[in-house]
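S.K.: Produce the complete structure using the sequences and hints provided.
If you're matching them up, the sequences are chains P, E, Y, X and H in order.
In this text, residue positions in the first sequence follow my numbering: the first is 7, and each later residue adds one.
In this text, residue positions in the second sequence follow my numbering: the first is 144, and each later residue adds one.
In this text, residue positions in the third sequence follow my numbering: the first is 144, and each later residue adds one.
In this text, residue positions in the fourth sequence follow my numbering: the first is 683, and each later residue adds one.
In this text, residue positions in the fifth sequence follow my numbering: the first is 516, and each later residue adds one.
Don't read these hints as lab results, they were simulated from the structure.
You can take every hint at face value.
Covered stretches of chain Y, going by a simulated chain H footprint (3 or more residues, C-beta under 8 Å):
#1 221-227
#2 233-241
#3 292-303
For glycine and all other residues, C-beta sits at the position ideal for the given N, C-alpha and C.
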Amino acid sequence: MNPKVRSVRATPLGWVIWGAVVFFFVNLAGVVFSVLVSSFGTKWFDTWLPSGFTTHWYGDAWREFTLFHVIVVTLLVSGLVVVLSVLVGAPAAYVLARKNFPGKRLVYLTFLLPILMPPITYGIPLATVLYKFGFAGHLSGVVLANLVPSVPFVILTMTPFIEQVDPRIEDAARMLGAGTRSVFLKILAPLLVPGLLASGILVLVRTVGMFELTFLTAGPDSQTLVVALYYSMSAAGIRAQQSVDAMAVMYTAMMLVLLVVALRFVNPTQLVARVKEEPSE
Amino acid sequence: MTSSTSNFELLRLDGVTRRFGPADQPAALSELDLTIERGEFIALLGPSGCGKSTALNCLAGLLPLTAGSIWQDDRRIDTLPPEKRGFGMVFQNYALFPHLTVRDNIAFGLRMRNLPKADVQRRTTEAIDMVQLADHASKLPGQLSGGQQQRVAIARATVLEPSLVLMDEPLSNLDAKLRLEMRTEIRRLHQSLGLTTVYVTHDQEEALSMADRLVVMRQGKVQQIGTPEQVHTKPATWHVADFMGYRNLLPLKASQLHGDQVTVDLGGTAIRGAAQGAVAQDDDVIAAVRPEDVKIADQGVKGLVEVVEYQGRERAVEVVVDGETRLHLRTEQRVEPGEQVALAVTPGRLLVYPA
Amino acid sequence: MTSSTSNFELLRLDGVTRRFGPADQPAALSELDLTIERGEFIALLGPSGCGKSTALNCLAGLLPLTAGSIWQDDRRIDTLPPEKRGFGMVFQNYALFPHLTVRDNIAFGLRMRNLPKADVQRRTTEAIDMVQLADHASKLPGQLSGGQQQRVAIARATVLEPSLVLMDEPLSNLDAKLRLEMRTEIRRLHQSLGLTTVYVTHDQEEALSMADRLVVMRQGKVQQIGTPEQVHTKPATWHVADFMGYRNLLPLKASQLHGDQVTVDLGGTAIRGAAQGAVAQDDDVIAAVRPEDVKIADQGVKGLVEVVEYQGRERAVEVVVDGETRLHLRTEQRVEPGEQVALAVTPGRLLVYPA
Amino acid sequence: ACGAPTPSKPAADSGGDVPDKPAKAVSLNILDVAGNLQLTQPMIDDFVKQHPDVVSKVTYSKGPAPELAGKIKAQQNANRVDIDLVLTGTDGLAAGQEQGLWLDLLTKYSDRLPGMKDYLPPAQKMQELGGKEGVTVTYYPSGPLLEYMPSKVPSPPKTAQDLLAYAKANKGKVMYARPANSGPGRTFLMGLPYILGDKDPKDPVNGWDKTWAYLKELNQYVDFYPSGTSDTMKALANGSANIIASTTGWDINPRVLGTVPKEAAITPIQGFHWVTDAHYAVVPKGVSTDKQAAILQLLQFMLTPEQQAKAYDKGYFYPGPAIKGVELAQAPQESKDAITEYGRPEYDKLIADNPTEVPLDAKALVAAFDKWDREVGGSKVKKS
Amino acid sequence: MSATWQHRLAERGVDRRLWLLLPATIFVLLLFVYPFLYGLSLSFQPMDGGGVLANYDKFFSDAYQRDTIATTLKIALPAALLNVLAAVPIAFRLRGRFRGKRLLTTILVVPITLGTVLTAQGLLNYLGPTGWFNRVLLSLQIVDDPIRLTNNYWGVFFSLVITGFPFAFLLVLSYLSGIDPTLQRAAATLGASRAQRFRRITLPLLAPGLATTFLLTFVLAFSVFPSAVLVGNPAGSTRVISLAAYQAAYEQYDYAYASAIAMVMGAVELVVVAIVLVWRSRLYTGSTGGKG
Ligand SMILES: Nc1ncnc2c1ncn2[C@@H]1O[C@H](COP(=O)(O)OP(=O)(O)OP(=O)(O)O)[C@@H](O)[C@H]1O
Ligand SMILES: Nc1ncnc2c1ncn2[C@@H]1O[C@H](COP(=O)(O)OP(=O)(O)OP(=O)(O)O)[C@@H](O)[C@H]1O
Ligand SMILES: NCCCCNCCCN
Ligand SMILES: [Mg+2]
Ligand SMILES: [Mg+2]
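M.R.: Below, the structure written as structure tokens:
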């Protein structure tokens, strides 16, 4: 709409920043491509490129770990965790952002701890509890276990976002007859899209990458990709480097697809205040 | 749901108080007692910061009361959440939903009531037309001018036809012409739908012309409640007078009393005024008179024109009497700064308050 | 830094245009040509959405121009970023820094100029006093009433004494008394500091009383530029007349011409008016007259009183003539709806425009 | 007995008598934490095919060994064990033993596993380490061996002192991985006391004076210790290391896979003893008697020569079979081809001529790792 | 009567909206607090006997273990700081509208998908002695011998930057989007330069978000484990505290000791978190106008 769409401004500081960014990404590309190339290489010794190319590392891993099933499980688990942690976490974040009440610090600390404590501390007793009530060993147990750090994560990331929203907008909605549910769905949710997206993506990343809690609570049918990946990497025994690379590439590819899908639905930079965006800077 | 809870005959505010700071500081709103009848149009009036918006927010349920209660007939409602009270509100800062278009902003409340699509559509369109925003219906609030935003806020609140409408300076950003039109429109809605309206404004003329009763406030406290005519012609205190446009507030001495008539001395000339409250002879008083009621005459109080401001047809003139007392007046006559003039006060228009 | 770039003798806007949509839609601001002399007080006036804020934003450098240029003496400045122009601005929505107290908001610009601490302190305190916020100096904007916020915005911009001050409806949320005081204060600042001011308002009276020149706009285009008196007594078009309070705009037929005097027929009575622009006999014209210039007389145009609104001393009355033409007038007489009255127009006050 | 989270109480239904055959075909969940399925999955699949009346279905899952105990523990504490059979190395086995996780199968039912009588002698010794709970399913002599690139190291070190001298002359070119994370690393560690003639090769804390002195000296010429064997293999392949610690399996299999050039060669260190290794099958407490019955049948099946021949694999655990008299000729064709191409004829002689020793028990091993971490690996911090 | 009470409570913030806390609270109580307390009590029951605090005593009296705290802080604090500090100017530059913005943002966020393992493998491949990076340096004759960038402090540091930066960037960018650009403009008309606007307006308004972002990246970095093992030198310069806990739990099977170490870990993090939160609480938190 703005007739003068500017291009990224080039101030001296700007050049330094963009230079650093470019340097970072060139090297990052090196990091990523070295794995990608290796995963398709037959042998790669002290040379620029492997001596030959093959796809069999992928095929082998795919079969060995029944990766189709594993990926389906991974998608299911992470999808559920994202949705549930937002549903449970966002309302709590709302209260923490909007209200001062006696005991707020204690509540805050309680939500902080699961993020601070390594799963070693609570993983095994948690798994016991989940086995006791028949959740562990199934998808539901994996989901519940992963929610333990995810819910607080959503709460912590969402709180500042909610603080940014002018409370009078909510007041206006209430005056128009919107109850808490409608205020959440019709007003806050759209305004918090960047926040929901950001914390959703981060929860997703963390869940897909969460090894301990998943391993401790998963049954044979509910292992996720990261379990297979860690196994391939660190189980006793011999595994070709390339096959670990192939698994890592598949892991990343899956995450990438998830990310791209997420970004397709919502643009992270889509601002509600977009029409107010600085036109001249 | 909402409509059922919100029909009422009487709305009663009983000692409604709201503090923001510690109890030893003056409250933003202090012990407001007010009974509003169904169908009334009440204007809250008073200087900036006097607690008008606070009162409105308490009534709406957006601010919890520090003390007092609010009753709808025999039901106590001050603990109900805003969405259960079923009142409509136009916010001073508009509080439009930034992610919704003009149309969707206005339709929001109707949708919350789950009205049939066609109804929503029709009523929304009507409301958009009423506030003359048909050309802008699909813009987002951020793409609107200030006055356009304000009109969206008005339409959004009134399209619901709530039994009580609270409006916080709804016309402050509109030009005179549009303001007049919107005034008429708001009055029309008020009457044709049988609404009850509480209207905050800083504009006396608006208050006087629209309201059935005025509530004049100052520093969180009610100064006067009365019909426009009462407040206009008989301000209860000199503060109210000050606020109601009695721009000339002259600290004088009461020289003579006859019943409720007082004589005061201004620049050597004795002028008669009506005593408002207990005034005794030789008391320090404040004499209040509007610029419109001070005329340039052939004889009377002598003064020196100091400032002349052109204001359309009339001129606002400042005259210094006695070298220190300043009198403001309006005249259609051409006068120049430095000119010597004689002033007369329209009989019966000088009010005398205890100082 | 800033002060050096911003002293000027002339500020010239040359075809300044700003669009928000595609080129085939009307621009928000279209080809604004305006030369502002140093020390002038210019008011931009016009209906809501006419492009006033847009013009101000372009001048401030907050919106890039779609076309045109802005010159400060011989320097082209429309490509300078706002902080390099050194203009002060009061935003329509205040744009206060929510994390800074009233004092810090006001001191912000001074601190940016690296003034000595003591200076900052002193000037800030003065500005706070000027806008009567001494009691609220350490509050955050979110804890202020609407009018208080607006006053902070005024203080924040003027404390810098910038050579050009842009004000976007700076008084819209203040009550009449405070508004008058602030008007005087702003004029005083303007004069004593030798500022140049561009002032947006929707209030004709404000514009007339404060400005040296008015720019009347409509739908992004300038309608008239002139002194208050010119604009008030000789509106260039009937739109300007409409906006300037000529509430009676009557579509009539010109029956007779003598020089620039036109006779029109209203409810069977011939009335004389002054032709504004090319009017020929039997043309459709629009006759404009203010309510104040229509009087209830013993004889004249006959009509039926329909609405009476109390407005303090006067009453606003709507009279229907001929069963269809509505005339607005103001009177101090008591009239009742349904009454039959005769109306006269103050001679020389009826303006006749080509339709 | 202070495991996490509480000492386990044996689960209810696994205590009774185990029938010869499950009442109806059971399905088994098998967890592999040792990479053992690479060798045994074909055997298990074969069993299911041949005995659908005993095992209807097998689900495999895999995981790293260290977290194994915690997982089983959690299940047992909750009385819901859903892992029926665990394939593990000595580490997982010992961790479970210490925590009392495994069922004692052999006391009562060793007669159902006649194949155990045919263990190779060193495999038999490994079985003793397995106690009454673990059943050895595959075995290999392991190392320590040194692997090097002939192109870079024309005359490989023959003795421990040679190695030291070589390392000194070629700083950073001798490499072994952190023992706690690496089979060859720990084999090298456990093998040194035999090579150097230490007082008590089974007592790392008090009996390994020469070993620790040797390692500390070697440490001066080592840049860093990678966290896994793969990294040392990669270093050998790309030339950043010239000599690395290895084992038979780590020698053959990576060359088959192409991670290490085929030309890489091995050399033993004079006077070395094989420090052997094995994989075990264990059954967690809490598994039903029906399933136990099926598992016993399965294990016996796996200990038959035809099945054991599959353990030759592609040199992964060379040779692999735990019982006597299993020839390469019996192995699947793929296996034979790979070993013919990448195997080493000299292994037969090396295996025959050098004594075999069982590895340290779990406690001693942890102590050895700890000492190594503190005194060898950890000393790097101060150096750099 | 009760209504007065309700007002009293409402003024303190106790009203029906507090119920919204319930699901999350119940959830955390049921699934975290009990297991956590279990772990806590376990840490007071040393495996080898001894007093209640024996495990803690063991940790703090052993320099080899105690030093892991410093080692970890030395990696985690700079990495977290760098991630946040780098994210801020970049995100700041990406506000407003320009061509290719979406692409650029996406590219900046994409590394979030890499995961620890790929990052580690990639760093080893790419930065290793025979990796492309060293090859380029060697062939350009910038260095004579490959430089060591992996299996030491730097390997872990890079890995934390690669995984942590996009994380921080995504959060900061989103937090930034909530700040009303009009405020920037207001500051500009008051003569504030870009830098001043950033420092005086944007930064304070962003501070709550920055604090949260820093906390989360710090916590992630502080519990760095796989990359410390894979690309670091786990026996030496990157022997981080979570590795100590891991070894206690999974190499020595001393869960009690592991719990104690993990508790120490949490306590150290809590100290850092507390410092940040105190800093944060002294700054403005509230509406930044962007969404209203
Ligand atoms: N970002 C935008 N996108 C699209 N249209 C816009 C945008 N900003 C302003 N407009 C339109 O431009 C026109 C002029 O707006 P402007 O804000 O200048 O009006 P104004 O004269 O200041 O009105 P008011 O007195 O109501 O504040 C309006 O019709 C408005 O809807
Ligand atoms: N959240 C708050 N914290 C502290 N003081 C507040 C808060 N909100 C309002 N106040 C103070 O309470 C008083 C009354 O405010 P209120 O908004 O009701 O005024 P108002 O009559 O609406 O004024 P205006 O006409 O300027 O809008 C003011 O002095 C204001 O500063
Ligand atoms: N966050 C820690 C991930 C732990 C991965 N463990 C892998 C097991 C290594 N043997
Ligand atoms: Mg207000
Ligand atoms: Mg405007």
